[in-house]
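Colleague: Going down the list, the sequences are from chains R and U. In this text, residue positions in the first sequence follow my numbering: the first is 1, and each later residue adds one. In this text, residue positions in the second sequence follow my numbering: the first is 1, and each later residue adds one.
It is possible that part of the hints are untrue.
Any copy, or any two copies together, can satisfy a pair, since identical chains are not distinguished.
As the list claims (entries may be wrong) - Straight-line C-alpha distance at most 30 angstroms; calculated DSSO-like pairs for lysine-lysine:
no., residue 1, residue 2
1, Lys335, Lys299
2, Lys317, Lys299
3, Lys328, Lys191
4, Lys236, Lys317
5, Lys236, Lys335
6, Lys317, Lys231
7, Lys192, Lys317
8, Lys207, Lys335
Treat the hints as calculated values from the structure; they're not laboratory data.
2 protein chains.
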Amino acid sequence: MRIGILGGGQLARMLALAGYPLGFTFRCLDPAEDPCAADLIPHIRGNWDDPEALRTFVDGVDMVTFETENIPLQALDCLESWGVPFHPGREALQVTQDRLLEKTYLRDCGFQTAPFASVSSLDEARHAAASIHYPVILKTRRFGYDGKGQKVARNSTELEAGFNALQGQDLLLEGYVSFEAEGSLIAVRDKKGHIQFYPLIHNEHRKGILYRSEPWIAAGTLERSAREAMKTLMEKMGYVGTMTLEFFSSHGRLIANELAPRVHNSGHWTIDAAVTCQFENHLRAITGLPLGSVASQAKYCMLNVIGQMPPRSEVLKIAAARLHDYHKAPAPGRKLGHITLVSDDQQEIEQGWQDMLAFYQP
Amino acid sequence: MRIGILGGGQLARMLALAGYPLGFTFRCLDPAEDPCAADLIPHIRGNWDDPEALRTFVDGVDMVTFETENIPLQALDCLESWGVPFHPGREALQVTQDRLLEKTYLRDCGFQTAPFASVSSLDEARHAAASIHYPVILKTRRFGYDGKGQKVARNSTELEAGFNALQGQDLLLEGYVSFEAEGSLIAVRDKKGHIQFYPLIHNEHRKGILYRSEPWIAAGTLERSAREAMKTLMEKMGYVGTMTLEFFSSHGRLIANELAPRVHNSGHWTIDAAVTCQFENHLRAITGLPLGSVASQAKYCMLNVIGQMPPRSEVLKIAAARLHDYHKAPAPGRKLGHITLVSDDQQEIEQGWQDMLAFYQP
Chain R
1 MRIGILGGGQ LARMLALAGY PLGFTFRCLD PAEDPCAADL IPHIRGNWDD
51 PEALRTFVDG VDMVTFETEN IPLQALDCLE SWGVPFHPGR EALQVTQDRL
101 LEKTYLRDCG FQTAPFASVS SLDEARHAAA SIHYPVILKT RRFGYDGKGQ
151 KVARNSTELE AGFNALQGQD LLLEGYVSFE AEGSLIAVRD KKGHIQFYPL
201 IHNEHRKGIL YRSEPWIAAG TLERSAREAM KTLMEKMGYV GTMTLEFFSS
251 HGRLIANELA PRVHNSGHWT IDAAVTCQFE NHLRAITGLP LGSVASQAKY
301 CMLNVIGQMP PRSEVLKIAA ARLHDYHKAP APGRKLGHIT LVSDDQQEIE
351 QGWQDMLAFY QP
Chain U
1 MRIGILGGGQ LARMLALAGY PLGFTFRCLD PAEDPCAADL IPHIRGNWDD
51 PEALRTFVDG VDMVTFETEN IPLQALDCLE SWGVPFHPGR EALQVTQDRL
101 LEKTYLRDCG FQTAPFASVS SLDEARHAAA SIHYPVILKT RRFGYDGKGQ
151 KVARNSTELE AGFNALQGQD LLLEGYVSFE AEGSLIAVRD KKGHIQFYPL
201 IHNEHRKGIL YRSEPWIAAG TLERSAREAM KTLMEKMGYV GTMTLEFFSS
251 HGRLIANELA PRVHNSGHWT IDAAVTCQFE NHLRAITGLP LGSVASQAKY
301 CMLNVIGQMP PRSEVLKIAA ARLHDYHKAP APGRKLGHIT LVSDDQQEIE
351 QGWQDMLAFY QP
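Given only the sequences and the hints, what does the whole structure look like? Please build it.
Modeller: The structure is reproduced here in structure tokens:
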């Protein structure tokens with residue numbers, strides 16, 4: 001079975017690494033000249049909304065999936081008209097491409113969210129901010145990630161500046177959630193409707209980019225309610241594949257923030273420390289295979305490598321370190337790889353972390 | 001760093017799967033039209049002793065390794081003349097391509113071996129057999145694997161038949177070792193001379209092909225003496241990379257049988273159950289990186305898939321099963337993949353084995 005992946009970045013790369021042992025082959029469509037997945041899967045260069053490129057891409061492909069939610073819906077129109085199956089489905093893309101739809105969907109499925117309102121003028125923004133209370137965040141409804149397309153406003157002046165910076169795009173105004181911690185919940189649902197949940201992850205961001213993920217300690221009630229709402233959501237969506245919810249913990253309550261209809265950076269630890277990683281389970285789900293266990297096999301902590309790779313030999317001297325180099329050109333703010341520290345012994349993980357900071361400060 | 005692999009079979013495939021996360025890229029040279037490694041690494045089609053094909057293959061490659069010991073030494077001549085580094089070295093290929101040299105080398109390094117003699121005529125064979133005692137095995141000195149190029153003789157008549165079948169080739173006559181068990185020892189040595197040993201493996205063959213590998217129980221003395229001799233051998237050879245010794249256990253003693261200067265089928269369990277697999281450690285060794293831990297993380301048992309793949313969905317229903325499909329065309333006697341059963345609980349492995357036999361009898 002050949003699986004087409006829309007997108008050729010590190011997620012496509014890791015999908016392929018997980019999928020080759022299952023006997024699958026792959027192909028990706030990506031506008032970049034040399035995306036990092038092209039090291040190991042054939043790459044068609046083209047835009048996702050270019051019917052000709054899509055046509056070449058799907059020729060001989062049995063099904064399609066994607067590594068980013070920023071796939072134009074026109075691409076799905078083409079796939080549908082040609083009878084090429086794809087997972088996750090259209091609704092997952094529609095909802096996650098639009099922050100207003102997404103927040104509404106989350107709320108309707110039982111998640112708590114920050115207060116939010118759609119705004120199309122500065123006046124509307126001012127009224128919404130007054131009712132929600134400052135500080136607020138102005139966000140573009142579409143195509144924002146890693147903190148892009150967002151402006152925090154603590155007062156009316158900042159709101160106006162933010163609105164001017166983002167105007168011309170559909171906007172959403174949200175109440176600012178003061179939170180103790182950020183986390184994510186990764187779930188996978190197969191074609192028969194079975195759902196598995198990876199353990200809750202605690203995430204630390206720096207400059208809007210995920211920096212460090214590790215197990216969420218003492219998650220009991222929070223985790224149960226999150227799983228319940230996630231199940232509702234995935235069933236409502238008829239979702240098939242791996243899906244990620246990013247959330248805040250605020251005064252002990254879970255505030256749902258964003259959905260990713262795909263494998264997720266905060267789940268990269270599963271490659272080294274879960275029985276079945278998020279990538280393999282995504283592929284199992286979309287190809288109609290039974291899901292594998294999502295249990296953790298050890299303690300872990302994942303560090304993103306951003307901007308510049310640390311020396312490979314230094315990383316590999318650390319017994320607990322597992323290196324994942326995406327083979328990308330260095331650039332400020334670019335995710336180049338990740339390192340997972342894995343051990344049965346939390347002390348060894350802490351030590352590995354300290355050892356790493358000696359030669360690498362991201 | 002781009003690593004060239006001579007050979008494009010499943011071992012090259014698994015080397016690439018282990019090496020991509022380290023940031024390496026690959027290329028293989030293989031005479032087959034579509035070897036299974038070509039799914040994920042660029043493939044140059046050509047013979048290993050064809051200087052033109054080799055020239056194309058090494059262009060832009062930083063170093064070369066191999067997945068088979070059947071690489072003609074002329075290929076190494078070319079690499080040397082062009083200044084392309086390769087590991088393991090020439091001596092490893094020379095010794096393992098010739099059963100007489102190999103047995104002599106093993107003995108000289110402190111291993112016990114079956115009694116053996118070089119024979120070039122039927123008369124010599126008869127004399128050697130009389131001194132070694134029947135049953136004996138006639139073997140071609142060169143290019144035999146998986147039981148090919150071997151004839152067992154229980155008496156003079158069978159010896160003559162065997163000699164006639166194999167004649168024209170350089171031959172070796174060996175005493176037949178009556179053994180309780182077969183096993184292997186996989187070691188890896190880095191450029192600084194550090195050596196790591198994977199735990200001893202118990203191997204079961206059927207029709208001369210490896211069928212099942214699992215941990216060797218109660219290996220104490222046997223393992224210590226094997227490691228000692230293996231260390232002597234690797235140091236004498238200046239070996240860099242993963243190396244495998246296949247042996248018999250006969251009356252509790254280890255009888256060294258064959259060396260493979262490469263990753264080995266009996267070490268495939270390391271992908272799923274060792275901290276660092278034999279493939280990654282081979283790559284770490286030959287690129288001058290520090291070795292990773294070879295400790296087992298769980299109990300395991302590996303089954304080769306021969307001739308025909310079992311249904312993927314049935315295999316993946318078994319919680320302990322990890323599937324490795326090499327994406328090869330089915331053919332009688334062909335290794336198509338392997339399945340590793342992994343669990344902390346030996347009972348779950350046994351149960352997985354039983355479940356598997358219900359739909360798959362290799």
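Colleague: Are the hints correct? Go through all of them and say.
Modeller: Results of checking the hints against the structure:
1. Within a single copy, Lys335 and Lys299 get their C-alpha atoms as close as 23 angstroms, which meets the 30 angstroms cut-off; across copies the closest is 35 angstroms, which misses it.
2. In this assembly of identical chains, the alpha carbons of Lys317 and Lys299 lie at most 30 angstroms apart whether taken from the same copy (19 angstroms) or from different copies (26 angstroms).
3. Proximity of Lys328 to Lys191 under the C-alpha cut-off of 30 angstroms is restricted to the inter-copy arrangement: shortest distance 27 angstroms between copies versus 34 angstroms within a copy.
4. In this homomeric assembly, Lys236 and Lys317 come within 30 angstroms of each other (Cα to Cα) only across copies, at 26 angstroms, whereas the closest approach inside a single copy is 47 angstroms.
5. Taking identical chains as interchangeable, the C-alpha atoms of Lys236 and Lys335 are never at most 30 angstroms apart, the minima being 33 angstroms within one chain and 44 angstroms between chains.
6. In this assembly of identical chains, the alpha carbons of Lys317 and Lys231 lie at most 30 angstroms apart only when taken from different copies (22 angstroms versus 42 angstroms within one copy).
7. For the identical chains of this complex, Lys192 and Lys317 are inter-copy neighbours only, at 14 angstroms across copies versus 44 angstroms inside a copy, given an alpha-carbon limit of 30 angstroms.
8. Taking CA atoms no more than 30 angstroms apart as the test, Lys207 paired with Lys335 passes inside one copy only; the shortest distance there is 13 angstroms, against 50 angstroms between copies.
The earlier numbered hint that this structure contradicts is number 5, and it is the only one.
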